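Asks: Sequence order for the protein chains is A and B. According to the UniProt record's numbering, the residues represented by the first sequence are 1 to 237, in order. According to the UniProt record's numbering, the residues represented by the second sequence are 1 to 237, in order.
In short, the hints are calculated from the structure, not lab data. Please note that a few of the clues may not be correct.
[To be verified] Below, in silico cross-link-like pairs of lysine-lysine (DSS-like), each with a Cα-Cα straight-line distance of 25 Å or less: (1) B:153 <-> B:191; (2) B:107 <-> A:191; (3) B:107 <-> A:107; (4) B:65 <-> A:107; (5) B:93 <-> B:136; (6) B:93 <-> B:191; (7) A:107 <-> A:191; (8) A:153 <-> B:153; (9) B:107 <-> A:65; (10) A:191 <-> B:65.
Note that the coordinates shown come from a computational prediction; the quantities given were computed from them, not determined experimentally.
There are 2 protein chains.
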Amino acid sequence: MVFNLGKHSSSQFNQEMEAIRSDLLRMGGLVEQQVSDALESFLQADSALAQQVQQVEQEVDELEKHIDEECARVLALRQPAAIDLRTIIAVSKCVADLERMGDKAAKIAKLGIQLNEEGSLTTGQVEVRHIGERVKTMLHDALDAFARFDAHKAVAVAVADNDVDAEYHSAMRSLVTFMMEDPRSITRVLKLMSVFRALERIGDHSGNLCEQVVYLVSGQDVRHLSPADMQALLEQR
Amino acid sequence: MVFNLGKHSSSQFNQEMEAIRSDLLRMGGLVEQQVSDALESFLQADSALAQQVQQVEQEVDELEKHIDEECARVLALRQPAAIDLRTIIAVSKCVADLERMGDKAAKIAKLGIQLNEEGSLTTGQVEVRHIGERVKTMLHDALDAFARFDAHKAVAVAVADNDVDAEYHSAMRSLVTFMMEDPRSITRVLKLMSVFRALERIGDHSGNLCEQVVYLVSGQDVRHLSPADMQALLEQR
């Protein structure tokens with residue numbers, strides 16, 4: 001279903017679609033770096049790196065606006081259909097998730113700076129590293145699934161999110177115990193809890209990206225399905 | 001810019017646009033009720049009402065899918081332009097925010113049930129009521145601004161969000177003090193903090209709805225602007 005597009009404008013259209021896809025991947029790469037730097041700045045108590053993470057946020061916000069503008073322009077002028085239309089819709093959902101991940105990365109960086117100043121905690125570092133690495137992998141794989149139109153890889157990320165959630169809850173329970181044993185640590189432990197919460201949310205948003213990849217590739221809306229149900233749906237195709 | 005639409009299909013198109021708008025308002029009304037019931041169930045320790053709130057979540061999720069489907073169908077078949085296209089884009093962003101508000105309402109209800117079982121706290125109830133009422137008003141006003149195409153009302157909601165954020169931080173600080181004075185209350189206070197966080201997020205999402213209303217009415221993307229800058233942009237028009 002391509003409407004009134006001559007050869008010239010059709011190849012222009014393909015270029016525009018490719019630009020939107022590559023802009024999304026660029027935004028994704030930027031957020032991936034932001035998450036990675038946020039984690040390092042937190043674990044290495046590197047306040048300079050943390051400040052850098054916070055500065056990238058504006059760039060991410062601008063990319064979100066730019067990509068949404070491009071999507072609106074293509075919708076208005078090109079009447080995309082089928083997979084092109086689904087790409088535009090999916091990209092428009094994904095930028096919102098990426099922008100929020102950028103927010104969370106900036107938050108982790110900010111909490112890191114605060115905790116450096118207040119005196120670091122002896123607890124939770126291993127778990128931050130561990131969960132942090134897992135959500136970094138989830139985000140990376142989600143972007144990879146988008147780049148390769150790989151719905152199966154996308155579902156695998158959704159499965160990984162279940163594990164991260166379990167580890168997150170376990171880390172939070174340990175922190176509650178720590179607080180009870182040393183009430184003077186409460187303010188700092190609450191900040192550490194916020195770091196875990198931000199990481200867990202980055203995992204959730206990576207899961208959202210993957211739902212959009214499945215939609216984009218298969219046309220199936222798998223939001224609010226369990227990973228097992230997603231898998232089953234894909235295998236029916 | 002209406003392409004190849006005869007009188008008949010043009011009036012059908014208007015009906016479809018109207019259906020999308022009214023479905024969004026119906027989803028909004030449902031979430032508004034969910035937030036209101038979640039708040040009451042929490043404050044009145046009404047576990048039956050809390051369970052009801054959790055059950056509505058599925059209905060909200062289904063509406064999100066349905067509305068997105070309708071938006072994709074209109075984009076594919078009708079090539080909407082100008083304000084119609086902006087409506088579709090804005091609605092598609094808004095459903096994601098409404099769905100997350102529904103999640104938060106369900107979370108408040110769930111935490112209420114847990115706190116009922118663990119023994120209620122003597123602190124924070126007044127603040128939950130107060131902040132809860134404010135975010136309910138924000139959500140109501142955001143939906144009203146959408147229904148009336150009222151960008152100025154939308155900006156007023158964004159201003160209100162600043163106040164809610166200040167009250168939220170104040171309530172959280174009091175809870176930290178409470179925890180330090182009575183470490184046995186820690187687990188329950190953490191749950192109360194989650195309730196405040198959920199309310200604050202509902203306020204944020206209401207602010208997001210309003211940014212979409214401004215976009216829909218004016219074509220201006222005001223995300224990541226301060227309320228004052230939004231106001232200035234509207235007055236330039």
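Asks: If a hint holds in the structure, say so; if it doesn't, say that too.
Replies: Verification of the hints:
Proximity of residue 153 of chain B to residue 191 of chain B is assessed by CA-CA distance (about 34 Å); at most 25 Å being required, the pair is judged violated. As the CA atoms of residue 107 of chain B and residue 191 of chain A are separated by approximately 21 Å, the hinted pair is consistent with the 25 Å bound. Of the pairs offered as hints, the one joining residue 107 of chain B and residue 107 of chain A holds, with about 22 Å between alpha carbons and a cut-off of 25 Å not exceeded. Distance check on the hinted pair: residue 65 of chain B and residue 107 of chain A sit about 31 Å apart at the alpha-carbon level, beyond 25 Å; violated.
Restraint check: the Cα-Cα separation between residue 93 of chain B and residue 136 of chain B comes to about 20 Å, which is no more than 25 Å; the hinted pair holds. The hinted pair formed by residue 93 of chain B and residue 191 of chain B fails the criterion: a straight-line CA distance of about 30 Å is larger than 25 Å. Taking the CA atoms of residue 107 of chain A and residue 191 of chain A, the gap is about 10 Å. The hint holds against a cut of 25 Å. For the given pair, residue 153 of chain A sits about 44 Å from residue 153 of chain B by alpha-carbon distance, which is inconsistent with the 25 Å threshold.
For a cut-off of 25 Å, the pair hint linking residue 107 of chain B to residue 65 of chain A is broken: about 31 Å separates their Cα positions. At most 25 Å may separate the alpha-carbon atoms for a hinted pair to count; residue 191 of chain A and residue 65 of chain B exceed this at roughly 36 Å.
Against the hints set out earlier in the document, violations occur for numbers 1, 4, 6, 8, 9 and 10.
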